[in-house]
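There are 6 protein chains.
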Amino acid sequence: MPLSLRARWSRDEPVHACWITLPEPLSAEILARQGWPGLVLDLQHGAIDEAAALRILQVMHGLGAIPLLRVPWLDPGAVMKALDLGAEAVICPMIEGVEQAETFVQACLYPPMGIRSWGPVRAGLDGAAAYADSANGLVVPIVQIETLGALEQLDAILDLPGLGGVFVGPNDLAWALGHGPGSDREEPELLDLLLDIPARARAAGVQAGIHCASADYAHRMVQAGYRLITIGSDASFLGRAGRELLGSLEA
Amino acid sequence: MPLSLRARWSRDEPVHACWITLPEPLSAEILARQGWPGLVLDLQHGAIDEAAALRILQVMHGLGAIPLLRVPWLDPGAVMKALDLGAEAVICPMIEGVEQAETFVQACLYPPMGIRSWGPVRAGLDGAAAYADSANGLVVPIVQIETLGALEQLDAILDLPGLGGVFVGPNDLAWALGHGPGSDREEPELLDLLLDIPARARAAGVQAGIHCASADYAHRMVQAGYRLITIGSDASFLGRAGRELLGSLEA
Amino acid sequence: MPLSLRARWSRDEPVHACWITLPEPLSAEILARQGWPGLVLDLQHGAIDEAAALRILQVMHGLGAIPLLRVPWLDPGAVMKALDLGAEAVICPMIEGVEQAETFVQACLYPPMGIRSWGPVRAGLDGAAAYADSANGLVVPIVQIETLGALEQLDAILDLPGLGGVFVGPNDLAWALGHGPGSDREEPELLDLLLDIPARARAAGVQAGIHCASADYAHRMVQAGYRLITIGSDASFLGRAGRELLGSLEA
Amino acid sequence: MPLSLRARWSRDEPVHACWITLPEPLSAEILARQGWPGLVLDLQHGAIDEAAALRILQVMHGLGAIPLLRVPWLDPGAVMKALDLGAEAVICPMIEGVEQAETFVQACLYPPMGIRSWGPVRAGLDGAAAYADSANGLVVPIVQIETLGALEQLDAILDLPGLGGVFVGPNDLAWALGHGPGSDREEPELLDLLLDIPARARAAGVQAGIHCASADYAHRMVQAGYRLITIGSDASFLGRAGRELLGSLEA
Amino acid sequence: MPLSLRARWSRDEPVHACWITLPEPLSAEILARQGWPGLVLDLQHGAIDEAAALRILQVMHGLGAIPLLRVPWLDPGAVMKALDLGAEAVICPMIEGVEQAETFVQACLYPPMGIRSWGPVRAGLDGAAAYADSANGLVVPIVQIETLGALEQLDAILDLPGLGGVFVGPNDLAWALGHGPGSDREEPELLDLLLDIPARARAAGVQAGIHCASADYAHRMVQAGYRLITIGSDASFLGRAGRELLGSLEA
Amino acid sequence: MPLSLRARWSRDEPVHACWITLPEPLSAEILARQGWPGLVLDLQHGAIDEAAALRILQVMHGLGAIPLLRVPWLDPGAVMKALDLGAEAVICPMIEGVEQAETFVQACLYPPMGIRSWGPVRAGLDGAAAYADSANGLVVPIVQIETLGALEQLDAILDLPGLGGVFVGPNDLAWALGHGPGSDREEPELLDLLLDIPARARAAGVQAGIHCASADYAHRMVQAGYRLITIGSDASFLGRAGRELLGSLEA
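Chains as they are written, first to last, in our numbering: chain A, 1 to 251; chain B, 1 to 251; chain C, 1 to 251; chain D, 1 to 251; chain E, 1 to 251; chain F, 1 to 251.
To be clear, the hints were calculated from the coordinates, so they are not data collected in a lab. Remember, predicted model here, so these are calculated numbers, not experimental data. All residues carry an ideal CB built from backbone N, CA and C; glycine is no exception. Possibly wrong hints are sitting among the right ones.
[What the hints assert, rightly or not] If you want the footprint, here are the derived chain D segments under chain E, 3+ residues with CB under 8 Å:
#, region
1, 44 to 51
2, 76 to 85
3, 112 to 121
[Stated by the list, open to error] Beyond 12 Å from chain C on every Cβ pair, some chain A residues (computed):
#, residue
4, E50
5, P72
6, D126
7, N136
8, E152
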């Protein structure tokens, strides 16, 4: 039985996860078999919908990778369905402020902490009663910090009861701040901002995560206190490896 | 031509329906062939999305089971699509009050009763003009009563023009009232509440439904005036029967 | 490399497109191979969801038909995903007024024009950096005019920065105005209204589109200044041709 | 309950059927709803495999069209599976002679008439025992006559016990005879051949079918005694109707 | 790591397995989660093709149930693909004699024992080199005994090098012997035959399996020496449980 | 319009192709967009069936990569279907000798060269009559040389009229010759054999291909005269890239 995200975070262990953007259970299985600690199903930008997510979550079961999932948008129905299908952590993108963040967190948790509706069709397969007791202690609601609104209300968001963590989306955050898109930002204004977030999160009793583009930057972010590092994707692995081999053949 | 839900309700007949939670047309066909009067496609908690719903609705056509469908959340686009694909009754979960209920009912009905958008791609296959004339008299919008807000505004909800019925979700309602999840409630506070609802619905000219876990409780709820009884699901049938046979083999 | 919708509109060329309502890449390929200038994937009324849209958008690539897509409802997550998967123009139905229209247009465009989130998983396959630079000049947000609210606020909608066009849905618009559903309207009240819209759109620097049911009416609407004509659908082609042949066999 | 193919043939009624080549249950449903007496799922040349056939057979159930299916090749496993999934008649292409024809017919029938393996997972849904009794009287094995070998051994094929019919494939037959492909042949050599087959079939107590390209030719073939006429396909309906409308728009 | 079929058989443990006939990974997961020691994917009579088998095999991974698979027919390509996708044991139906049995066994094993082609795309995911070394010791070729030919040549089949076991199909065997289809046969002629097979198999160093319809008969067959007992199916569980509940509701 | 395989071979150009083993059109599109000259859909060992092949062939259309396809086994129905769906070259594995090779080549070609059945449902979408004229000059039947039988009868195979090429499978060939599986063989016995084949093929007027595991070996094989080089696969790209990044993160 692999450790849950909450268990790993309680040991202050960083968790590396790569993105799943192809709606294909076999490519996800291949990555899970390589030993990735976590896989994030990206329903926001990836070519994955609820049906593909179900198949991939089923396949990941028992392979040891923590099943994280990013919903397309703040939609309580989609959040609850992701959890019913077996996601352990849900990332919600484009949160504009604490009110939206609270709606999201409430959707992740059963009463009295939240308003999640009962019906864990797959999540409760090993015992519905046990799941009712344990779900609120297992599920990890993660608010993405990538808009000006979320940035300005970060402390209020961090204080939300039941919040599991915050996750920095450097592309959208930088663009919203007047820079172009891109990861692994080195602009002092942005870097200062990024380095400050894990400490504020820890002070509020939650963890911070960030998307990175290189192993070096990922190492620095772990040093800075981030405990969820997303990096790479099925599509980018495939495209780069295919391009490189073709290049060497044509050389 | 099987009777519609409205026709059966106009005869005060109770309708039993089981839940479809597997995204598999063949298991749905098997249940429809057993003679179930209705099947409820559960897009809220079930592993069913719009694409699976389409395939199951197609397969149910002509097998006699009334096609009911629960949407994941109050989303007019999802409500209208369910109807366009051929659902006859739509159940909307987690309604918080009369305003949301009205939005839902309006989404189910064409002008002048509502704002449903025209385009019955599958529902109108036997004649679009005829469907335009008959749809508002066929479609059954059903508001789920499972939040404190809906409970408090129940009478206002029951008075909404065009409403077809209300449906009690005992798990979420009980949990919202401070009890744990579970069906077939016997707590006096809850039971009194449940027994009161059909009479209030009838007084408003609509029918009430409820989810049950046992045939005994279902019989009692029919006695109490409920006319839509949901009970059992493809997943629970499969799990229980598989477990029982295995148990007898290992005995 | 076929011309984009914006390029064709900049030449004042009318674009004819038919609707894709079957979730089947092969029927879409067959229509694209007949030379249709555009195909509109209808996620509102058609039996198409995001997964089917992905497959059809992939197949259309390189066949020359402009990929338009109508989302089911105003939902920024669905709008952004449609663009990430490769739609060039997005039509949003049932817009109630300028505020909703602005939300929609903002969802289509990257900063600083809008709030579209970065992650063009398929749209950026030929180069993410180039896509970041070109996307706002390529993508065409199209607001459907079919409610009283949108009609009343048409000028304000037309003045929205970044708007690409408006699209008249004659069925719902006529029904909202107290007539029944139907295309190719000849009622003077409606016809006057329809004939007025292209001029108002052009004055605001955008183009207008309309759904038609016959080639004759389509010709008249082009004369009237419309530059997007939707007409026919995979389902209607199939049904009519199948019925006619059967009729001639039974004659 | 629509009449079976055998029942219609016992009344000497001609049956018209069109080809299903798209792996899409919705286009098949649309055609079935137009009233086609039969639909032939083409697993040989169509883009249909076993999984698509299952979905289409499910959807056809109750719509009145007789479910015929052409297997890709003489493969007893594929023949038996088609029957288990609910096909009523199976057409086997490219039969080279009486020995292959006998293998095919045997695969369609339970002992003692044949060697079909027991397990009617879908075909027996309304009662396995009843199906065991009725299957051999319901199922219609149809041998396609389109090779020189089959033509030369036609009488021996027609005498096979259990055979339901023969079906002429004019394209391949003409090509094998040194002409090019094409339907509705008028070459005297070919026409004489075609006109002779129904009489020989009737003399052997079975019916003959043929593929036609026009309603006129179909009428002539019915006059000539053919009782299964295949004509048109989903793909051809779609392509022609889409092309014609586009032509009238561009005129 | 659950024990392999060969490991369990080396301990003389009986293995109970139920049939998977629905092309749905979620129903298979539900059954695997109930603790079934084995699941047999039925590509012969079940509505399962290669694509569905892939998804179900992926989902079963790590859930402890031994993945068995019955191919539709003796087809070396299908046998090898089943193994490449991760089946551990393959059952081949309708074998007519020792020659066909040998072809089947050869298709299951790599050189020098057989002619299986190299390319374990999924089976080798945990290490291709290790798989090359271990595959012939893991894979279990099982010949179904259900034709007169196989019965007559049973001893020769049992002596085939590399054979893993034989599996009695009582329906087809009984029918071929002049009785009707059915399991749990009590006719003396048949019962004697069935009771004799395990001893002959053991004498040849392999195990025998049989399909049963009741737990009682299954117990008797284990007593008789059978070590693979197939019983029940997803479809039969679902149909019976759904029918029984409906019956109690209508009582 | 990219050059066909025959056109490239007529210029003596080597064609590099990588294997598609995931049943996912999006990963195939990603590889095609990197500029691979050819992609080989592997229906033998890959997790690809006919339905997945259809989707991938559709997506490849217009992206410039030559669509090759390996069938699971010598099965004329599967060969013809692959061509009908749009494959340009078909590789047939595990051919045992010239008789099987001839059956395969005949299945690829229309009369009078072969016995391919008429019905190019997708291959003929741009014009059926034109396809009838051009198909035999476009389609490339490629016999895999990987058994002792094929090796011994290589010259007879190379002399088959209509043959397009031979393709060496080093894994199975080496294993059949008593070595273990593996590519890029350096054993003198094997290397001599491999280096000899292209010359023999050229002498017979066809080209030779081979599977390689490294760019270096691929360069050597081109030097040796091979004109089809298969190397890499979607699954191997994904696994290796995912593993390497994870390794650098954990370093």
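How the hints compare with the structure:
For a cut-off of 8 Å, the count of residues in the region 44 to 51 of chain D with a CB near a CB of chain E stands at 3, and the three-residue condition holds. By the rule of at least three residues with a Cβ nearer than 8 Å to a Cβ of chain E, the coverage given for the region 76 to 85 of chain D holds, with 7 such residues. Coverage of the region 112 to 121 of chain D by chain E holds in this model, with 7 residues showing a Cβ closer than 8 Å to a Cβ of that chain against a need of three. For E50/A, the shortest C-beta to C-beta distance to chain C comes to about 9 Å, within the 12 Å cut-off, and the non-interface label is violated.
Non-interface status of P72/A relative to chain C is broken: a Cβ of that chain comes within 12 Å, the nearest being about 4 Å off. Chain C leaves D126/A outside its interface by the beta-carbon criterion, the shortest separation being 29 Å against a cut-off of 12 Å. Once the 12 Å rule is applied to beta carbons, N136/A is consistent with being away from chain C; the minimum gap is 26 Å. With a closest Cβ-Cβ approach of about 15 Å to chain C, E152/A is found to remain outside the 12 Å limit, as its non-interface label requires.
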